[in-house]
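S.K.: So the sequence lines, in the order shown, correspond to chains S and U.
In terms of numbering that gives the first Met the number 0, the first sequence opens at residue 0 and continues consecutively.
In terms of numbering that gives the first Met the number 0, the second sequence opens at residue 0 and continues consecutively.
A hint or two may mislead.
What the hints assert, rightly or not - Subject to a maximum C-alpha distance of 25 Å in a straight line, what follows is the list of computed BS3-like cross-link-like pairs (lysine-lysine):
id	chain 1	residue 1	chain 2	residue 2
1	U	Lys234	U	Lys307
2	U	Lys237	U	Lys358
3	U	Lys358	S	Lys39
4	U	Lys356	U	Lys307
5	S	Lys39	S	Lys8
6	U	Lys356	U	Lys306
7	S	Lys39	U	Lys307
8	S	Lys89	S	Lys71
9	S	Lys39	U	Lys237
10	U	Lys306	S	Lys71
11	S	Lys84	S	Lys1
12	U	Lys237	U	Lys356
13	S	Lys59	S	Lys84
14	U	Lys306	U	Lys234
15	U	Lys234	S	Lys33
These are computed hints drawn from the structure, not numbers from a lab.
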Amino acid sequence: MKLITAIIKPFKLEEVKQALSEIGVEGMTVTEVKGFGRQKGHTEIYRGSEYTVDFLPKVKLDIALPDELIAKAVDAIENAAKTGKIGDGKILVSPIDEVIRIRTGERGDTAV
Amino acid sequence: MTGIFTFLALASTALAQDAAPAYESYEAFTESSGFALFTINNLWILVSAALVFLMHLGFSCLESGLTQSKNTVNILFKNMSIVCVGILGYALYGFNAMYPGDFNGIFAAGSWFAVDNSDVSMMTDAYAPYTWWSDFIFQAMFAATAATIVSGAVAERIKLSSFLIYAILLVTFIYPITGSWQWGGGWLSSLSLGGMTADGDPIGFYDFAGSSLVHAFGGFAALAAVIMLGPRLGKYTKDGRVRPILGHSMPLVMIGAFLLWLGWYGFNGGSVLSADPRGVSYVFVTTTLAAAAGCMGAVTLSWMLLKKPDLSMGLNGILAGLVGITAGADVIGMASSIVVGLIAGALVVISVLFFDKIKMDDPVGAISVHGICGIWGTLAVGIFVAEKSFLNQLVGSLAIAAFAFIVSLVLMLALKAIMGIRVSAEEETEGLDIGEHGNEAYPDFTAAHK
Chain S
0 MKLITAIIKP FKLEEVKQAL SEIGVEGMTV TEVKGFGRQK GHTEIYRGSE
50 YTVDFLPKVK LDIALPDELI AKAVDAIENA AKTGKIGDGK ILVSPIDEVI
100 RIRTGERGDT AV
Chain U
0 MTGIFTFLAL ASTALAQDAA PAYESYEAFT ESSGFALFTI NNLWILVSAA
50 LVFLMHLGFS CLESGLTQSK NTVNILFKNM SIVCVGILGY ALYGFNAMYP
100 GDFNGIFAAG SWFAVDNSDV SMMTDAYAPY TWWSDFIFQA MFAATAATIV
150 SGAVAERIKL SSFLIYAILL VTFIYPITGS WQWGGGWLSS LSLGGMTADG
200 DPIGFYDFAG SSLVHAFGGF AALAAVIMLG PRLGKYTKDG RVRPILGHSM
250 PLVMIGAFLL WLGWYGFNGG SVLSADPRGV SYVFVTTTLA AAAGCMGAVT
300 LSWMLLKKPD LSMGLNGILA GLVGITAGAD VIGMASSIVV GLIAGALVVI
350 SVLFFDKIKM DDPVGAISVH GICGIWGTLA VGIFVAEKSF LNQLVGSLAI
400 AAFAFIVSLV LMLALKAIMG IRVSAEEETE GLDIGEHGNE AYPDFTAAHK
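Using the sequences plus the hints, can you model the full thing?
M.R.: Below, the structure is given as structure tokens:
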């Protein structure tokens with residue numbers, strides 16, 4: 000079991016969700032987040048004065064998956080979220096110690 | 000300045016009224032031939048008063064839209080209170096101080112406004128094309144406007160209690176003084192610096208609906224208040240650069256500006272002081288042309304200077320055009336009204352940038368729209384209308400602006416010494432809604448910039 004955390008451009012969310020559904024991913028948690036990396040912020044203008052917006056809006060997906068699906072899911076997100084321009088985001092993969100389905104009390108891979 | 004006092008004698012003679020028709024009773028008047036026309040005229044003044052009332056909702060929307068969501072309850076509370084205390088103060092004292100009849104031309108004490116309802120000399124065309132009540136309610140709506148102008152400029156940092164005291168004093172006692180100088184038949188109305196008319200009367204100062212008497216008055220009172228308060232926390236970086244504090248709702252700004260435009264048809268249209276078809280329609284057209292041109296002036300200049308077309312500047316431009324045409328809406332030509340508006344619109348952009356640069360923090364641009372463009376509109380009458388005097392316009396508008404500025408400065412100094420005028424830094428950061436009122440405008444929403 001692993002946890003995929005993907006930070007993507009908000010307008011790519013629908014495509015990424017489609018791509019994940021196609022390879023059999025049945026659930027995900029989506030959070031609207033703000034942040035910056037190499038893209039840095041951008042400047043906006045308000046009543047004649049420029050200012051920098053450091054934190055840009057992004058969408059974060061958290062998906063817990065069994066090991067055999069991880070590689071396919073990472074590929075799916077990578078392909079769907081890619082625009083080739085700076086600011087496309089990151090995919091992080093990390094191990095999970097335990098997963099519990101609250102309704103049934105199932106544990107491990109069956110609960111994912 | 001010694002010359003001013005020689006006009007005072009003229010001021011009192013100018014008030015002599017023509018012999019008016021006398022009626023035995025109000026019932027006799029209703030059966031007279033002039034009653035139908037009087038009814039139409041009077042109704043138009045009342046509709047206009049209602050339109051000017053609507054401008055207070057316009058100011059409320061504009062000011063809350065251009066400020067942060069954490070201060071919305073406070074802005075709305077101020078706007079609500081100003082209308083109510085302003086009207087009461089005007090009834091108790093202000094109206095009669097502004098229209099005292101025969102007086103020394105500079106200052107008259109006020110008094111309770113009400114007259115005898117059965118007095119036919121006040122309720123028929125023996126008085127005016129409208130009744131005394133209509134006269135009062137139209138002027139009362141105007142008076143509250145002057146203090147509302149200040150509320151936007153001092154937003155997001157002024158202490159509520161101090162502001163309310165300031166607003167009551169301004170509307171009740173100060174606005175009627177400068178108002179009496181012109182509309183009450185005071186020294187400005189018979190100013191002879193700019194020469195005499197063909198009939199041998201002084202040309203006088205001219206301010207049709209109040210570019211100076213209402214708008215420059217409010218704008219320069221606001222400037223003094225802004226100087227006394229200082230900028231909002233975080234408006235300037237340590238190295239002195241502007242760090243804009245974003246308004247929380249552009250749709251509200253839009254609604255506010257268009258409500259003000261609508262209300263202006265009463266503000267200027269009603270200032271014809273009758274429903275005279277030619278007069279009112281003329282004023283409607285000059286007012287509209289100037290508003291549209293003001294928008295174009297502001298949009299063009301802001302697009303050129305700032306590289307982006309700025310919505311809030313365009314809306315400020317509309318208001319600038321409206322303020323600009325207000326002094327001469329009934330005498331300025333159609334083509335000239337477009338020029339007046341264009342220049343007002345360009346002026347407001349430059350002025351907003353200028354005041355930002357010199358660290359006069361005015362969140363809504365009130366000093367620029369009402370103060371600077373109020374002066375411009377008053378001067379424009381002297382430029383575009385041959386029968387008017389530029390010198391008179393200059394003296395009049397500067398006298399009103401200077402008086403408003405100085406009195407506002409003194410009021411703010413006194414309030415600062417007695418009770419303080421600014422909320423604590425902690426309250427300002429958290430928002431005046433919680434600090435002053437203990438509630439929020441948008442409890443179900445999360446602010447992105449708090």
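S.K.: Find the hints from earlier in the document that the structure breaks and name them by number, from lowest to highest.
M.R.: Structure breaks hints 3, 10, 11.
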